[in-house]
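Those protein sequences? They're chains A and B, same order as listed. Note that the first sequence ends on residue 299 in my numbering; no numbers are left out. Note that the second sequence ends on residue 637 in my numbering; no numbers are left out.
Calculated from the structure, these hints are not laboratory results. Note that the structure is predicted; figures quoted are calculated from it, not measured.
Stretch-level coverage of chain A by chain B, calculated; a stretch enters the list once three of its residues show a Cβ under 8 Å from a Cβ in chain B:
# : segment
1 : 40-47
2 : 160-166
3 : 183-190
Beta carbons are placed, not taken as given, at the ideal position from N, Cα and C, and that holds for glycine.
Spelled out from the first residue to the last, the chains are:
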Amino acid sequence: MSLTHLQRLEAEAIHIMREVVAEASNPVMLYSVGKDSSVMLHLARKAFYPSPPPFPFLHIASGWDFQDLLAHRDRTAKEYGIEVIVAQNEKADEQGINPFDTGSAMYSQAQLTDPLKRALTEHGFDAAFGGGRRDEEKARAKERIFSFRTASHRWDPKNQRPELWNIYNAKKNKGESIRVFPISNWTELDIWQYIHLEKIDIVPLYFSAKRPTVERDGLILMVDDERFRFEDGDKVVERDIRFRTLGCYPLTGAVESEATDMTDIIQEMLLATGSERQGRAIDKGESASMEAKKQEGYF
Amino acid sequence: MTESSPDTIYETDALIAEDIDAYLETHQHKSMLRFITCGSVDDGKSTLIGRLLYDSKMIFEDQLAALETDSKKVGTQGQDIDFALLVDGLAAEREQGITIDVAYRFFTTEKRKFIVADCPGHEQYTRNMVTGASTADLAVILIDARKGVLVQTRRHSFLCNLLGIKNIVLAVNKMDLVDYDQATFDAIVAEYSAFAEEIGIEAFTAVPMSGLKGDNITAPSDNMPWYDGPVLIDHLETVPVRSAVNRDKPFRMPVQWVNRPNLDFRGFSGLIASGTVKPGDELRVLPSGKTSTVKSVVTFDGDLEEGVAGQAVTICLDDEVDCSRGDVLATADNPPQSADQFEASIVWMDEDPLQVGRGYWLKLGTQMVSVTVQSPKYEINVNTLEQLAAKTLELNSIGVAEITTDTALTFEPYSENRSLGGFILIDKLTNRTVGAGMLNFSLRRAQNVHWQAVDITREAHAEKKNQKPLVLWFTGLSGSGKSTIANEVEKRLHVMNRHTFLLDGDNVRHGLNKDLGFTEADRIENIRRIGEVAKLMADAGLIVLTAFISPFRAERQMVRDMLPDGEFVEVFVDTPLEVAEERDVKGLYKKARSGELKNFTGIDSPYEAPEAAEVRVNTVEMSAEEAADYIIEQILK
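Starting from the given sequences, assemble the full structure and let the hints guide the process.
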């Protein structure tokens, strides 16, 4: 009996992780604590078992992360004994940057892209695993599994190395670093099904529960802490909601849902009519904007 | 127009809604097929893939809304949906209306998950197509029914066959534009059959279709009742997947990583390339040839009774045999061979052409060795299948050449095992992936031309002379003072009773290398010969001094690789260009500046300074005598 598609995808991801550990001098795994990151962490534990993953995990905190997400991060780090490095733009307040007043491009640059670049440079990481998938967005469909960044962390889509068979060229020029995407070939359904089959622990926000919310411009936003800025006419309503993707809480739209367990979520996802990133304010704008952000160094 | 089988979609939805567990159970056991689509510009590849995504409900409402807006704005289908816009990703190519890179797409049907590599049609992007083909189980080759078999069709078919894809679908597209005419289809199939036979494609499946209108994609078309073959999706759902085929071959696993969490555990991690493995199996470690027995096949989910091709595992052996990354574990009684000379088919993928004789990195599985490529035996014109004489390989050309590695490779011919026969070539300076190759067979020259066994060894030669053989390789700009300093160094060594010999650039050019000119290829050959001569002299126990500009790092590395560790001493005579030019002992800089002399190092040809020379002398601060004293001090300390 032949391997199932999930078995093949898992083996592919493990093979990629081992190649990087064998050839890079200082790898790191980017860890957003979301569902894709949870799958990545699980795969890393499998790839090197019985050794622990031989690299640290890097979380870029925006300062506006869901509280549940931070709690899950700390719990996971403790349970699996992994090293989590947290990087954050400490000067956001001083610079007057916040998700309410700052434009989305400027905000993601200051809170996500720049701290990421700084952390990679500071720690001297020469290879960073990311959970990007080719099915997420058109620009990602063409990215290689080993994607090179210049010393200033820029991506040049016109100058990618050909990737043949499962042979990866990890040789870097001075100052270059590699972003590696072991789950490039997974789809959203694959991710969910794998979480289900492997019983991977994920942030509770993915499951429906009564949460305080306000509705604005067609987005349902969760009032996660006292810093939430209300506008005229905002009414806090308890709704049964969950999240399909986790970003900064004032920018991430929830969906109304009754899905409280894994099969409910998968069912809902399969019958849904909006793509995964729809709830993310950051992706709105020109359709090629993801490509522009990537050239700037956004993951 | 044929409706795309909406029934299937609704049935799936009903199952998801009513019994999600049953649905997941089915989905969980789906296999996966990777295929590529290739064809010429405007054959409708992107439209076909867009259609497959659309019909398998992989497009969400918001994407559909964006698609409808885009279709009206930049689409080519008037008020209709332009499926191609779904898959044409990068902004630049959207504007040009062509696909310029490999894009990977995903969709699922009732029976399988599919990964599609959307491959470009432009001739200059062959490297992308080869990339897509390398991981594919099947190829869909598109033909525009109005145009028939084109030059690119031949090229793509040839490449798919070269990369070992056995399942080929000839998709005769745009049948709607030829009134669904059977005679047109039959004529194209006949023309393609003749070509396929010529290049050794054993079988293919031809399907008449329309990606735009949806004919014969997911359901039989009412417009072509004369066609009784499979529709595209049915065929894709039923062809055998390669990983299942590899299971029946002998066991092979390239070792990726030695897993050693503590003193009690030592395992070898890798992806099983072929065959199966279970505890008690006797394995051989290659290239050492040592054997051992499998103790356990470890995974995170528990030890396996049996590991199979395609699985990532960690193998523990019974005893402490030497084994590390780059080694291959194989069935003890049927191991792969080792060799260092091969005939290989090579696809060149870089703007800079192949440099015959220069050292490249070759990566095969987890093995990384240094390799040189000989002049191609021939280049293949894939349009005419002619074998053409070739001195080198340019971007997108395909040739057959002999290659020599500095260390023996554990391999199998590509036709027998992709994992142990497919390799990439990496430029040692730019680190770019410059080529892809497939080993056809080993030349066994190493076995035919035996090394003459000699009783007086190189150690004995050196001992007699009471010295350690060395090659002092002086490199620097013209006029930097290499020859002068080398001469001073030799004089000092001579006084010290050392046995030496000085090889000087101009002198060698008058004799050994008088047949060589100054093209890049000839310069490489010049250095290679000098390296070989220096090596023979070092074998004889001499201290060899060489004074050549030798501007390229790769060539100096090539000579370093020829010699035992510690015997190659790179001496960088570091003189700034202004100083060397001002000295201009031979008047060459003046000629170069005036354009009389072409390819002059430092002027219109680069000098790549050593990054980690053993000895560096600065001739601005030191005289030739002082430099010589300093070098002597460094090499004899």
